[in-house]
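Heads up: the sequence lines are chains A and B, in that order. Residue 37 in the working numbering sits at position 37 of the first sequence, with consecutive numbering throughout. In the working numbering, each number is its position in the second sequence, counted from 1, plus 127.
Mixed in with the good hints, there may be bad ones.
[Unchecked claim] Straight line, CA to CA, 35 Å or less: simulated DSBU-like cross-link-like pairs of lysine-lysine:
#: 1; chain 1: B; residue 1: 462; chain 2: B; residue 2: 609
#: 2; chain 1: B; residue 1: 569; chain 2: B; residue 2: 609
#: 3; chain 1: B; residue 1: 462; chain 2: B; residue 2: 569
#: 4; chain 1: B; residue 1: 333; chain 2: B; residue 2: 462
#: 5; chain 1: B; residue 1: 573; chain 2: B; residue 2: 609
#: 6; chain 1: B; residue 1: 609; chain 2: A; residue 2: 109
#: 7; chain 1: A; residue 1: 60; chain 2: A; residue 2: 109
#: 8; chain 1: B; residue 1: 462; chain 2: A; residue 2: 109
#: 9; chain 1: A; residue 1: 60; chain 2: B; residue 2: 462
Calculated directly from the structure, the hints in this document are not laboratory data.
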Amino acid sequence: MMPSVLVIDDELAVRESMRQVLTRTGFEVVTADNGVAGVEAYFVIVDIIMPRSDGIAVIKQIRARYPKARIIAMTGGGNFWPLGYKPNTLVTDAYLTLASQSGADALMKKPFRRQNLIETVRGLVES
Amino acid sequence: MPAARARRERIPADSPPVPSFQNTLVGRLAILQFAIHLILPPVLYYRLDAVIRRSASETFTHHAHAYATALVHDLELADVLQSPNRTVAFLDAIVQGGGCSYSAIEYRGRLLGSSAAETPSWIRRRGNDETLAESGDGIYALSERFVKAGAEGAIYLGFDTRPTLNQVREARYQIIVALIVYALASVAAAVIFARLVSRPLTQLQKASRRVAMGDPAEHLGADSTMIEIVNLAKDLEFMRGELVGTSARLRAEMSERESEQAQREVLENHLRHEQRLATVGTFAGGLAHEFNNILLPMLLFSEQALDDIPHDHPARNNVESILDAALRASSVVSKLLAFSRPHEKHQMEPIDPAAVVAEALGLFSALIPANIELLSDVSAAGGRVLGDPTLLNQVVLNLISNAVFAMRETGGTLWISLTPGERSLPEPSGTRLSPIVELRIKDNGKGMTRDTLERIFEPFFTTREVGEGTGLGLSVVHGIVKSMGGSISVSSEIDAGTEFVIVLPTIDVPPLPPE
Numbered sequence: 001m002m003p004s005v006l007v008i009d010d011e012l013a014v015r016e017s018m019r020q021v022l023t024r025t026g027f028e029v030v031t032a033d034n035g036v037a038g039v040e041a042y043f044v045i046v047d048i049i050m051p052r053s054d055g056i057a058v059i060k061q062i063r064a065r066y067p068k069a070r071i072i073a074m075t076g077g078g079n080f081w082p083l084g085y086k087p088n089t090l091v092t093d094a095y096l097t098l099a100s101q102s103g104a105d106a107l108m109k110k111p112f113r114r115q116n117l118i119e120t121v122r123g124l125v126e127s
Numbered sequence: 128m129p130a131a132r133a134r135r136e137r138i139p140a141d142s143p144p145v146p147s148f149q150n151t152l153v154g155r156l157a158i159l160q161f162a163i164h165l166i167l168p169p170v171l172y173y174r175l176d177a178v179i180r181r182s183a184s185e186t187f188t189h190h191a192h193a194y195a196t197a198l199v200h201d202l203e204l205a206d207v208l209q210s211p212n213r214t215v216a217f218l219d220a221i222v223q224g225g226g227c228s229y230s231a232i233e234y235r236g237r238l239l240g241s242s243a244a245e246t247p248s249w250i251r252r253r254g255n256d257e258t259l260a261e262s263g264d265g266i267y268a269l270s271e272r273f274v275k276a277g278a279e280g281a282i283y284l285g286f287d288t289r290p291t292l293n294q295v296r297e298a299r300y301q302i303i304v305a306l307i308v309y310a311l312a313s314v315a316a317a318v319i320f321a322r323l324v325s326r327p328l329t330q331l332q333k334a335s336r337r338v339a340m341g342d343p344a345e346h347l348g349a350d351s352t353m354i355e356i357v358n359l360a361k362d363l364e365f366m367r368g369e370l371v372g373t374s375a376r377l378r379a380e381m382s383e384r385e386s387e388q389a390q391r392e393v394l395e396n397h398l399r400h401e402q403r404l405a406t407v408g409t410f411a412g413g414l415a416h417e418f419n420n421i422l423l424p425m426l427l428f429s430e431q432a433l434d435d436i437p438h439d440h441p442a443r444n445n446v447e448s449i450l451d452a453a454l455r456a457s458s459v460v461s462k463l464l465a466f467s468r469p470h471e472k473h474q475m476e477p478i479d480p481a482a483v484v485a486e487a488l489g490l491f492s493a494l495i496p497a498n499i500e501l502l503s504d505v506s507a508a509g510g511r512v513l514g515d516p517t518l519l520n521q522v523v524l525n526l527i528s529n530a531v532f533a534m535r536e537t538g539g540t541l542w543i544s545l546t547p548g549e550r551s552l553p554e555p556s557g558t559r560l561s562p563i564v565e566l567r568i569k570d571n572g573k574g575m576t577r578d579t580l581e582r583i584f585e586p587f588f589t590t591r592e593v594g595e596g597t598g599l600g601l602s603v604v605h606g607i608v609k610s611m612g613g614s615i616s617v618s619s620e621i622d623a624g625t626e627f628v629i630v631l632p633t634i635d636v637p638p639l640p641p642e
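Excised from the complex, chain B in its bound form (with noise of 0.2 Å):
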């Protein structure tokens, strides 16, 4: 459909973008989410991480050393100092009761006794811990110097960090795992939502292509209950309205002016045709005019030759030659002249056409040469036309013989039908059925070219070798149809054949009664 191809050139298609996800909306919202959780979650990680660590670090640090300074508050050294036994039962208080995992005291610059075998070789080392991973070996190593009865001492503590760490890390994955989860939340939310968006634009879109493409009924609505893409459908669908209105009042315009103008071009065509046979008929007029002039002087002198020639006399056949050429050619002068004069009015009389064609065909099918088959069909139910009985004879007769005469070689068959009908009529308040009858002769001879066909009607258009035909019978038929107030039209194709179709209007007459 080329209309259809030419609106889908008009749809812009400059600078369209690529389609590629990047390019969609849901594309676009997930590479934005995707580039916010790339930036986002690991900052809030790491700010949460130090945050957790720090917390942890201290509370455990201030813990540690409150233990320890309230140990050393409460430190009885004599009680301590009385025994080995009762030093290592002191430590073995502190390593049960304040969650270190090993206790030692010093008084004096001697180490009086350890919690564990041997002593650990971090204790006088290290010192104190700052932080509470600080070592790597999962222990937090403190020390508290005290002086008591005059002499100083330190108590070293060494603290296990490792349910501390745990709990840490604890936190730290449950931090991750939280993060990934909103990240994969967020783009989730992103692209459904997107979606959301984009799928009613999508249909919206669609329905408008197919509207675009010429299937105007497409109702544009869009599935979804955002008020902004509703109200976008809204307007949209009353757009295609106003075009679909638009579109039907343009094409309906356009088909009228296009049968208008095919109408006006058929008229003009009729009008020049009629025209030009008017004109060559006019011409016609003129020369019968002259050559009856000329032959009435052949006639009268070649009669009064005769008169004065002997019977035996050599040119006594001359001059009857002469006489009867003069007839022949006056016989095709009057011709000629029942063309020039369509209008003038001849006897008109009621005929039943289905009675001349019966009569015509009565006369011919015993001149019809034995390889062409007749057919008939002649309606007698037809109305009776106005117009006299030998011209409709001689319309017949010559549409038979051309017919015929195409098909001398070839053979083949000859359809003649009479039917009634009707064509309607323009009148000033619209058009008139009036009944017809319909004559038709067609054979399936050589045919004629188109250019032999616009001029068939024309007096002394002939086809036909010089001698077979004076190529005024189709004029002279052309010209009784009209006087009869009838049309003539022919269709033929090139070893095809011909058809004639003649329509002569039926006058409303009582049937002849029965002779």
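Only chain A is shown next, with the shape it has when bound in the complex (with noise of 0.2 Å):
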């Protein structure tokens, strides 16, 4: 049985391409519009810019909750958005960085190809 994979992305058409990409792959796939939904699963791909939750945060609640967990770390990049402007705010890369300090074991730009997201998935499950 392949192992399941738990996505999170506040946009329902990400979760959803990620989902057939995956199932079609072979994986079972959840998804979860935040960090919080408590979904537990051993592989998760979680965005790290969303509205209502912080992405850092979720990689560290998982890391903390669930060592062993394998996690995929993705974001558009950019700031999230100019209100929210300040000189030092994060960037694309900063963002990925901090991600990986945190605990994310791989990290994904958005946009990716298909064959990108099933390489990188199935690396960390052989791995």
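Hints are included, so try docking the two chains, each in its own frame, into the full complex.
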């Protein structure tokens, strides 16, 4: 039986497209629109920048509760929104760096190709 | 020179004296002298003339009377009466010895004789003259009566007054000449004195005027030995010194302030520009985030769909087009992100800008249209810069393609130069010179307006037709140059061309060993 993957993203289309790709590849996929859902899984793909929850906090939470979980962080990059702009606001690469420091095992920049997604998840499963 | 004009206007011009002769020092003294000598010498002349005439007349008449008295006193009537010959001899002796021109003697009412053949008619009629020139005929008539031997008689004398009157006239001429000479000398002396005073004053005035007109180096001195004028000149010169010092200080302060102001304006403009770019960049970043979240499902769904659609299905082409479009869109968005995160560190490594430029030129030379001439001067002597070679390549290609685009209709020349140099960096202890390379890319194409130039580095700003460009090229170039610690500036003139100047700091590393 293929392992199950939890996809956390605030965008329905993102969640659904990823679910289709990963399901067809053979994974069991659960989705959540934010980190608070509390769905438990061994593999987690989480968006870092979401309006109602902080992806970095979600990563830390999962890492704390399940030290062995495999986490992929992804982001669309850029500052979240101009209104929240401060001169030192974190930008894409910094987000990803922060995510990996918080415990993410792999990083992905949106938008990625299907092949890229499959390879990243497989890489984690096989390691 | 407007400053000089302003100063000239500040010289008080209210109720100025009319510049005429009578308003000058020389003129006033001359007029005063003239007025004095119009009155004084005539008065003097009339007084002197009266005194001379009176005294001449009194002396003359006194002598005449004394002579007559003496004559009568010594008269030996018997002798004179002895014979007519003796009478004539007596009268001749009077004429010859007494300065008389005529003499006659009368006794007992009878004229005994006269020195002239004809007795003048005035003898009895006139009697004694009071003054010398009374008669007007040059004769002073005098009759001296006597009583001898019990009978009355008289001696008539006619003195010649002409020599005396001539002397008086002579004296009068001399007085007139002396007075005229005196008057002329006085006026001349006044004029000379006035000139002595007014010339150094005029000198001083002209020098002060030149100082006031903006020639502060003019020395204020007066060519005079008069203490008052010398002192005035000294004080004015002291004032000039103060004035020159003050005005030099003021001018220096003013120019310092002006240059500070100009510098501040440049900095403010720069800051404003950078702030605007930063704001726009942030906005672009947010937009990119949104688009990436939209593009991701588009990519994944279309790729999934392509798996499901049979190869001969007509929908397949359409889905492929959707995938292509989404890929193109994500490349646009990644460019947008490159602009929005200029501070993000890419793979920084020492690179040789000359090699990058040469590579870009090699890539482009085949693509440049025949109507565009390419001139390059790429010096390999410059140091190396810290950056991502791919990004620097992107900068060069972007600018070259813009230049070619600007000349695509008219043709022209594309100049590219890369030269080493130095720039001064502000430091706490003054400025420091730091080595740079300067990349210039210049075309003589259609150029840009000021408004375009202002906004040229903003993302999505483009002057091209829809489909000819995204408007991201130069904003990406700006972001890359900034990330390398460099600066980019642009100058342009309509129909003359555009020049981009990129300054990149070089780093101090030994050159790469040849491969």
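Right, here's what the structure says about each hint:
no.	hint	result
1	B:462 to B:609	15 Å, holds
2	B:569 to B:609	20 Å, holds
3	B:462 to B:569	24 Å, holds
4	B:333 to B:462	72 Å, violated
5	B:573 to B:609	27 Å, holds
6	B:609 to A:109	23 Å, holds
7	A:60 to A:109	20 Å, holds
8	B:462 to A:109	14 Å, holds
9	A:60 to B:462	31 Å, holds
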